[in-house]
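As you go down the protein sequences, you meet chains A and B in turn. Throughout the first sequence, residue numbering follows numbering that gives the first Met the number 0, covering 0 to 159 in sequence. Throughout the second sequence, residue numbering follows numbering that gives the first Met the number 0, covering 0 to 416 in sequence.
Derived by calculation from the structure, the hints in this document are not laboratory data. Be aware that one or more of the hints could be misleading.
[Unchecked claim] Derived EDC-like pairs: lysine to aspartate or glutamate, alpha-carbon spacing no greater than 20 Å straight-line:
| no. | chain 1 | residue 1 | chain 2 | residue 2 |
| --- | --- | --- | --- | --- |
| 1 | B | 141 | B | 60 |
| 2 | B | 270 | A | 67 |
| 3 | A | 78 | B | 357 |
| 4 | B | 270 | A | 141 |
Predicted model only: the values in this text are computed from it and were never measured.
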Amino acid sequence: MTEGGSAGGRFALYDLFAAYGALIDAAEFDAWLALFAATCSYHILPRENYERGLPAGLVYCDSRAMLEDRIRALREANKYNIHNDRHLIGLPRLIGEEDDANLVEAPFAVYQTDQEGETRLFATGLYRDRIVVEAGGFKFRDKLVLLDTFAVPSLLATPL
Amino acid sequence: MLNAGIWPTLDYSRVPYRLYHDPEAYQREQERIFRGPTWNFLGLEAEVPNPGDFRTTYVGDTAIIVNRDANGTIHALVNRCAHRGAMVRREMSGNASEHTCIYHQWCYGQDGRLNSIPFRRGIRGKGGLDPSFDMAAHGLRKLRVASINGALFGALAADVEPLEDYLGAPVLAQLRRLFERPVTILGYNRQRIRANWKLYAENTRDNYHASLLHEFLVTFGLDRSTQVGGVKMDARHRHNITWAEAESDTAELAQEAYGTARVRSNYLSLKEPELVRFRRERADPLNIAITSVFPSAVFVQISNSLAARQIRPRGVDEVEIFQTMLGYADDPLDLTLHRLRQANLVGPAGLVSMEDGEAIEIAHRASRPDGDSTTVIELGGAGVISDRDYRVTDVPLRGFWSYYAELLGIEPAGAVR
Chain A
0 MTEGGSAGGR
10 FALYDLFAAY
20 GALIDAAEFD
30 AWLALFAATC
40 SYHILPRENY
50 ERGLPAGLVY
60 CDSRAMLEDR
70 IRALREANKY
80 NIHNDRHLIG
90 LPRLIGEEDD
100 ANLVEAPFAV
110 YQTDQEGETR
120 LFATGLYRDR
130 IVVEAGGFKF
140 RDKLVLLDTF
150 AVPSLLATPL
Chain B
0 MLNAGIWPTL
10 DYSRVPYRLY
20 HDPEAYQREQ
30 ERIFRGPTWN
40 FLGLEAEVPN
50 PGDFRTTYVG
60 DTAIIVNRDA
70 NGTIHALVNR
80 CAHRGAMVRR
90 EMSGNASEHT
100 CIYHQWCYGQ
110 DGRLNSIPFR
120 RGIRGKGGLD
130 PSFDMAAHGL
140 RKLRVASING
150 ALFGALAADV
160 EPLEDYLGAP
170 VLAQLRRLFE
180 RPVTILGYNR
190 QRIRANWKLY
200 AENTRDNYHA
210 SLLHEFLVTF
220 GLDRSTQVGG
230 VKMDARHRHN
240 ITWAEAESDT
250 AELAQEAYGT
260 ARVRSNYLSL
270 KEPELVRFRR
280 ERADPLNIAI
290 TSVFPSAVFV
300 QISNSLAARQ
310 IRPRGVDEVE
320 IFQTMLGYAD
330 DPLDLTLHRL
340 RQANLVGPAG
350 LVSMEDGEAI
360 EIAHRASRPD
370 GDSTTVIELG
380 GAGVISDRDY
390 RVTDVPLRGF
400 WSYYAELLGI
410 EPAGAVR
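Bound conformation, chain A alone (with noise of 0.2 Å):
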């Protein structure tokens, strides 16, 4: 059962993007992991790697370990630029279905805002995910984070 089509199953795949885009700008982070399903994969690609068929990524988390030691380090080691973040996602676009996944397409821009107030746009791109249900609710499975601002402004610190 991958539900996604339904018209509850919609509102709640809806749900699954706002609580993703709003535990991250509240930097609310193990909530932000508990959307993820148990085995799960995270990745950050730049649009040209992608187009070119290059494998190497920004984030490359193709473990739920590796994915809870980026917000480990996050956390207790990297040193990064002072901001909040805020993410628009767009309307989640439901594509398929792969096994017991829903494949699901949404766009998205992250604004940075420095200690300052000077907010400048920081990244638009597409997410492009598997969702799968579990525990009685949907989680993201693998997330694909397609980067078209791959020149990076800075640096990319917390997650997109």
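Given the coordinates of chain A, work out where chain B should sit on it, guided by the hints.
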């Protein structure tokens, strides 16, 4: 005025902040460094494997086409039409037997020769170019090109010394080590940092900052300044190799050293330890080898993550870092996967490199208002510029500035080299 009087000391232990912000310095750098007698990393032969393959790149501000002709020879050309100065080849890569400017369709061969001009004789005998117009004198300007095991370098000035002499024996050995087998491209990443390009060039020569700024290195036990390591330069001290040997210290030594320095070193464990596990690939024990080639190339080995970087100035206040992630063509699948995982360590989102973007931006920002004030470069001692077999040093920065001053024509009398 930019002249030899700007240096407060003769050993480059004091660098005026104005050099990061001065448009006059930027213009002179373009003229005397990037268009001067230096070799600049262009890319890899592996990126243009077949006849007709091209890719576009930059040397300083100058747009460049690198392409392979039907005989397999690689040419590098200034990507600027002889007619009105337009960029001839706009795509980042592709395959083509000729390069035609879209503006007026002047058409150039793979060797830069001007092949044809539309309406050269006009229409019905009217217009066009004078018959005396010399096609041969209006090709795309050619660079000198040389390769170290497939790593391509180009020079815009005719009077540059041979590449192998320019690099010197230690750097040449490092490049031959990195490119010992045919490489494969795993991907690219790019970063736009709001800082002068020289702050980035200094940063890759600064061994001192590594385990202090990049806490991940120490926190997760990947690299510590207590390891056996140091800095090694060419005879002119313009290039530098920052190196360290794997598993060459003890946890006790590191705890003691970093404890005294009040640096956190609690050796957190990762859920996926492969991220920092070093798979030894060669006879030598190096797990850190960062080779900076003056002015704008960096070749990087951090554990099993391999990369080649171009530093592309984008005006006095911005720099693009263009990084090519590498593996070897004969890597088994599991090693490719290992490199892709360890690619998390480097680049704009790198667990041990993201901080560089922030560090050089804050250096650029705060240094702006006080042009006559200077940095302090004395770790590892002032005075003579020489190799060090320890890591708490920034001596190679002084080597960079020494050669910089020479090329810009602002070297003070009696300065160290």
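Evaluated hints:
1. B:141 - B:60: holds (16 Å)
2. B:270 - A:67: The given pair, whose Cα atoms are some 8 Å apart, holds under the 20 Å limit.
3. A:78 - B:357: It holds: about 8 Å lies between the C-alpha atoms, which stays within 20 Å.
4. B:270 - A:141: Between residue 270 of chain B and residue 141 of chain A the Cα gap is close to 19 Å, so the pair holds against 20 Å.
Of the numbered hints listed earlier, not one is contradicted by the structure.
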